[in-house]
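If you read the protein sequences in the order shown, they are chains D and P. Note that our numbering has the first sequence beginning at 368, numbered continuously upward. Note that our numbering has the second sequence beginning at 305, numbered continuously upward.
Calculated from the structure, these hints are not laboratory results. Backbone N, C-alpha and C fix where the C-beta goes; we use that ideal spot for every residue, glycine too. Be aware that one or more of the hints could be misleading.
Stated by the list, open to error - Distance condition first, Cα-Cα at most 16 Å in a straight line; then the derived EDC-like pairs of lysine to aspartate or glutamate:
1. P:Lys406 x P:Glu358
2. P:Lys413 x P:Asp387
3. D:Lys397 x D:Glu442
4. P:Lys355 x D:Asp466
5. P:Lys355 x D:Glu470
6. D:Lys397 x D:Asp429
What the hints assert, rightly or not - Where chain P lies over chain D, by a calculated footprint (3+ residues, C-beta under 8 Å):
7. 396–410
8. 422–435
9. 468–476
What follows is the residue order along each chain.
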Amino acid sequence: DAGVTQSPTHLIKTRGQHVTLRCSPISGHKSVSWYQQVLGQGPQFIFQYYEKEERGRGNFPDRFSARQFPNYSSELNVNALLLGDSALYLCASSLGWTDPYNEQFFGPGTRLTVL
Amino acid sequence: GQQLNQSPQSMFIQEGEDVSMNCTSSSIFNTWLWYKQDPGEGPVLLIALYKAGELTSNGRLTAQFGITRKDSFLNISASIPSDVGIYFCAGRGSQGNLIFGKGTKLSVKP
Numbered sequence: 368d369a370g371v372t373q374s375p376t377h378l379i380k381t382r383g384q385h386v387t388l389r390c391s392p393i394s395g396h397k398s399v400s401w402y403q404q405v406l407g408q409g410p411q412f413i414f415q416y417y418e419k420e421e422r423g424r425g426n427f428p429d430r431f432s433a434r435q436f437p438n439y440s441s442e443l444n445v446n447a448l449l450l451g452d453s454a455l456y457l458c459a460s461s462l463g464w465t466d467p468y469n470e471q472f473f474g475p476g477t478r479l480t481v482l
Numbered sequence: 305g306q307q308l309n310q311s312p313q314s315m316f317i318q319e320g321e322d323v324s325m326n327c328t329s330s331s332i333f334n335t336w337l338w339y340k341q342d343p344g345e346g347p348v349l350l351i352a353l354y355k356a357g358e359l360t361s362n363g364r365l366t367a368q369f370g371i372t373r374k375d376s377f378l379n380i381s382a383s384i385p386s387d388v389g390i391y392f393c394a395g396r397g398s399q400g401n402l403i404f405g406k407g408t409k410l411s412v413k414p
């Protein structure tokens, strides 16, 4: 079975531009979460979606937005890019939302570089 | 906000050695997880812990959920070269999100 897939793998943008990152969850998983990982740090939670609705949001500015589609795939959008947005963006999928045994499985990430 | 403190930040291993790392939190978690991340990859789940005091093994890896629910440790026995990488602990937050530590980097002794 395919794991979590993300596209693109790498992306270079300039300040002020916007970017869209895409994620396809493991087949049968209905929840997608997004994390930002800057170099040398652990991943930081951005959003969680379950059944196409936002279920959780981390401490990120409104320039970050996301959505989940009927097929459970998801997009993360970032507007007005800043240099500090350069990071590895990770998508994780899980079967459900808050079930105690509901683990998150990560994709390989999209490496975003903002110049 | 909730923070996880992992130690050590980095360590060098020689093949065959046992390795130990831990994670502490200022807040209680009901679930602790350990992930490993290789360069250019996403984190891979190693072990999940769901009950205070629980001790769980996965091959040469053993992890424990502290009885205070504020800490966890991970042991690797008889390390091999492919154990190198960055190990992250994570606790599950109230939104179902994961809160990660900063990682322990395992490298091979020169």
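Below or equal to 16 Å on CA atoms is what counts here, so check Lys355 of chain P against Glu470 of chain D. 15 Å, holds
Holds or violated: are the alpha carbons of Lys413 of chain P and Asp387 of chain P at most 16 Å from each other? Judged against 16 Å, a Cα distance of about 12 Å means the pair holds.
Given the proposed pairing of Lys397 of chain D with Glu442 of chain D, does the C-alpha separation stay at or below 16 Å? 14 Å, holds
Mind taking a look at whether chain P covers the segment 468–476 of chain D? Criterion is 3 or more residues with CB to CB distance under 8 Å. That given contact holds, which follows from 9 residues of the segment 468–476 of chain D lying within Cβ reach (below 8 Å) of chain P.
Taking a Cβ-to-Cβ distance below 8 Å as contact, does the segment 396–410 of chain D have at least three residues touching chain P? It holds: at least three residues are needed, and the segment 396–410 of chain D offers 7 whose Cβ sits within less than 8 Å of chain P.
Taking only the CA atoms, is the gap from Lys397 of chain D to Asp429 of chain D under or equal to 16 Å? Not satisfied, since the Cα-Cα distance of roughly 24 Å exceeds 16 Å.
Please verify whether Lys406 of chain P and Glu358 of chain P have alpha carbons no more than 16 Å apart. 23 Å, violated
Would the hint linking Lys355 of chain P and Asp466 of chain D be met if the CA-CA limit is 16 Å? 14 Å, holds
Are there at least three residues in the segment 422–435 of chain D whose beta carbon sits under 8 Å from a beta carbon of chain P? Coverage by chain P holds for the segment 422–435 of chain D (5 residues, Cβ < 8 Å).
Comparing the model with each numbered hint stated earlier shows that hints 1 and 6 do not hold.
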